[in-house]
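There are 2 protein chains.
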Amino acid sequence: MEEKSNGPKEDGNRRKNNNTVIPGPTNPMVTPLLSDLYQFTMAYAYWKAGKHNERAVFDLYFRKNPFGGEYTIFAGLEECIRLIANFKFTAEEIAFIRSSLPKTCEDGFYDYLRGVDCSDVKVYAVPEGSVAFPKVPLMRVEGPIAVVQLVETPFLNLINYASLVATNSARHRFVAGKSKLLLEFGLRRAQGPDGGIGASKYSYMGGFDATSNVEAGRLFGIPIKGTHSHAFVSSFMSLDEIVEKSLQSRDGSSTCEDFVSLVQTWLSKIKWSHLIQGIFGETNQSELAAFISYALAFPNDFLALVDTYDVMRSGIPNFCAVALALNDLGYKALGIRLDSGDLAYLSCETRKFFRTIEKEFGVPDFGKMGITASNDLNEETLDALNKQGHEVDAFGIGTYLVTCYAQAALGCVFKLVEINNQPRIKLSEDVSKVSIPCKKRCYRLYGKEGYPLVDIMTGENEPPPKVAERILCRHPFSESKRAYVVPQRVEELLKCFWPGSSDGAREELPSLKEIRDRCIQQLEQMRPDHMRRLNPTPYKVVSVSAKLYDFIHFLWLNEAPVGELQ
Amino acid sequence: MEEKSNGPKEDGNRRKNNNTVIPGPTNPMVTPLLSDLYQFTMAYAYWKAGKHNERAVFDLYFRKNPFGGEYTIFAGLEECIRLIANFKFTAEEIAFIRSSLPKTCEDGFYDYLRGVDCSDVKVYAVPEGSVAFPKVPLMRVEGPIAVVQLVETPFLNLINYASLVATNSARHRFVAGKSKLLLEFGLRRAQGPDGGIGASKYSYMGGFDATSNVEAGRLFGIPIKGTHSHAFVSSFMSLDEIVEKSLQSRDGSSTCEDFVSLVQTWLSKIKWSHLIQGIFGETNQSELAAFISYALAFPNDFLALVDTYDVMRSGIPNFCAVALALNDLGYKALGIRLDSGDLAYLSCETRKFFRTIEKEFGVPDFGKMGITASNDLNEETLDALNKQGHEVDAFGIGTYLVTCYAQAALGCVFKLVEINNQPRIKLSEDVSKVSIPCKKRCYRLYGKEGYPLVDIMTGENEPPPKVAERILCRHPFSESKRAYVVPQRVEELLKCFWPGSSDGAREELPSLKEIRDRCIQQLEQMRPDHMRRLNPTPYKVVSVSAKLYDFIHFLWLNEAPVGELQ
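Here the protein sequences line up with chains A and B, keeping their order. If you're matching positions, the first sequence starts at 1 in full-length UniProt numbering and goes up one per residue. If you're matching positions, the second sequence starts at 1 in full-length UniProt numbering and goes up one per residue.
Hints are computed from structural coordinates only; laboratory data are not their basis. Keep in mind that this is a model prediction, so the values were computed, not measured. Possibly wrong hints are sitting among the right ones.
To be verified - Ranges between beta-carbon positions, derived for each pair:
hint, chain 1, residue 1, chain 2, residue 2, range
1, B, 481, A, 349, 34 to 40 Å
2, A, 99, B, 258, 29 to 35 Å
3, B, 464, A, 258, 32 to 38 Å
By construction, the Cβ of each residue, glycine as well, lies at the ideal position given by its N, Cα and C atoms.
Using the sequences plus the hints, can you model the full thing?
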């Protein structure tokens, strides 16, 4: 099916500004109850201790890039903002929480919950679709501690998979190359309904071109694609089934009364043609009937699945006969899809066959006919196809893309870094799990050639790094790892996407298309060796300013003695 | 938090009978548009060819058990029935489909779509929660070919992940053993919001005891659990923060005016007690403040996360001091949670400490205090813990359970097996991908000891296998693999769950609890060597009757010659 790019369903309210209403999350199941029970037991304990309104700052970040790579795409932000913009407990939800907590919990807590919203919460975040790195906050969420904890679980849920699948998509795009069409075909294998819908949205964001998922097309305006399955082919028994055989020519000037005969004539011409003779014998007639029926339904969009019986002996000759008959009537077939077998070999053989047809019958561009491949594709198989040589123009990728089979989870965490203006550090015997305390600012420093060199975190009130100034970047936990950087450009990473009601402007939420463009542009801006599939060069380890470094270690020593008195 | 088993939200309409209304899918995003575009292009082509009402039979099945195991739990059926019971296109949906198909598609098709529902579709299925095996249909869907194809994608989406995660849950239960409490903690890492909600539902079905997911508790009546996080602990700075220090005794007979002092007294007693002296020095005071605050909020449900600073030197002594103070007032603490470190070692050390407290201070059952463990647990780590020896009573399992990290997708397929009473076979060079044609009946044959021996498929009109009768079971594609079976019990597997409007009774949809009971009972009924984690004995390869065997091979030969004429 030709690409259909329809305006997204919610076009009217997607381009928000600070005065418009932000709609709720795409999935209506995303409510304040889509959370862990402990957020509510903690809320009660904070409330009971009179601590619920203490001002807390949490960082949301991940510790390690997925898929053995050196980058991650940040995605899911819009859904988080949609949630908090509409964060309010219904009476039914409060009744359920009451029934879930001990009877001893006081009524006042439920009165408090009834009034909870996110008007006093602030969300700073890296723009959605950005390239991101471990340890640097993707989001900083500030507000009354009980409320901020209530959004922890849904935020992590909305960010973790979105970022994982957007990254997976970008990685598949990287291996496939820019010129190939990439189609997301994973709905049937996704982890639940919005595993499917999220996969479509975030694969598109990460660089895919289209999806098979109709609902995702409707919700987000993603181009949707699809033709037919093996069942369609095997549902036909013979050519006798085709009752209505006429087809008008494309320009409406004439009508072919018996398109079936026209196809049969072409099939015979192909079979006995000088260059092809002997390549195939009898083709499968139910397949031929299916192809003809599909062409009669979609003469402008004829794309056939050719591997139900035998690709080279049946599928390709049948396809070519139909395509040539269509060509007689002014229609141009789109191509074929291969869904099994040796895709490198079959695509090359198919290309040869198409070129032979072009030569033999003088049909311009027949040799360039589109070849789509599917069947359990992933980064490895795409890479293997590239190495073997192939003639595929479009890849349909399902299971491995949408379930992120190579690594099914991203480990984003949400850590308290400050309360009541007091910095907090979470220690761990595993240094990689020690949190970086303090409310921070984060910057990306760019070098002469336009590539990002390093991300640096500073205390909130430190002066920002300046262009052309020499800056010491320190590894937060490794004393000897440090480097001077003279940035040619400095980009502040965290922007305010939700100021609550307390003050002014916030970043607009861009359209999905704009986010996708940002993502593609950011990926192109990276130094290529960070991006390669095998053994990529690590992006300069995330760093902190000298001042923040000293403060972290002061705090650490302050907390650490607990265990050392023994 | 103590287990809270609340009635499911939809209790009123969950116990359906043939006269009650079946509600729509749990996730309102599951609509007829949650499908691949090719289902609609095929529907148009069928309609255009006048073929859309031809009676088709499709089998839904998988080809291989997941996780290297020898069984699979079938789940997701109820959601499928909810979808088809409410399957109807809205005007907006039809407008979207129209905008997605070529302009040349005729108006009559949209009139047809407007009238489409599933009243003429029949669904036969294995009851939800059943143990299932490769190649035997989990579902047989019959009806007008265009309509049945429209439900293919949503059915696969609803079955694939549900069955995968239910199986994963059952496998975790098998390794953990019956006596342990298993808690699903995966919402934050799940693949999207209903990745999380589905995980909670189907983990419970597969044998977990509870979830942290509040919304899943509300929707399905699953017990929900949770206490507090590291952030709660580190949000406290010192004991001075605790303003309201009084706590009434459990029986209401007295009030302790300074619970903080009571705890401090106990901490000192523990520290200098004969058996403990020297094990710890100063404990972390912010941790102690957090524990006391939590205990004041939940004196009946005190369960503390003890690894924020140092488990044995701070968390456990702090916990014990609070638990002993609670004990003085008649409350019984629930226990502790470990979320990092060497869980085998720490749980054993913790148990020793608890027993010492019991002995030293004469507090009955203190040694049996609950120990919950979490932190990236999976089948392997549970198995390793068992081998090392541990003292954990409850496991909280998240990422690896809900994302099915070990194998993130189940490959259920939906294959045409008959159209217009003509059997259809899908060939493939890979024999494991050849479909088993014909509308079939499926039986499970049980042996003397009550174990299932083999599943057998027969043609629809063959007489069913009889108890005590000798039956030849043949491998469908391997001539030499066959066996005689004399069943002691014969169970027909596929039951009618959706008769459409055409005729009578259908199976009632059981409650989630009933499905869970069936699942646990079926798992217990399996021969243990099929169930073990490493190198399980394969369940007798799925078989067909002698008659069906002959027919398959007749059909195969009939279709196969296509490629042999060359």
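Verification of the supplied hints:
Evaluation of the 34 to 40 Å hint for residue 481(B) and residue 349(A) yields a pass: the beta carbon distance comes to about 35 Å. Against the hinted window of 29 to 35 Å, the Cβ-Cβ separation of residue 99(A) and residue 258(B) comes to about 33 Å, which satisfies the hint. Taking the beta carbon of each, residue 464(B) and residue 258(A) are about 49 Å apart, not inside 32 to 38 Å as hinted.
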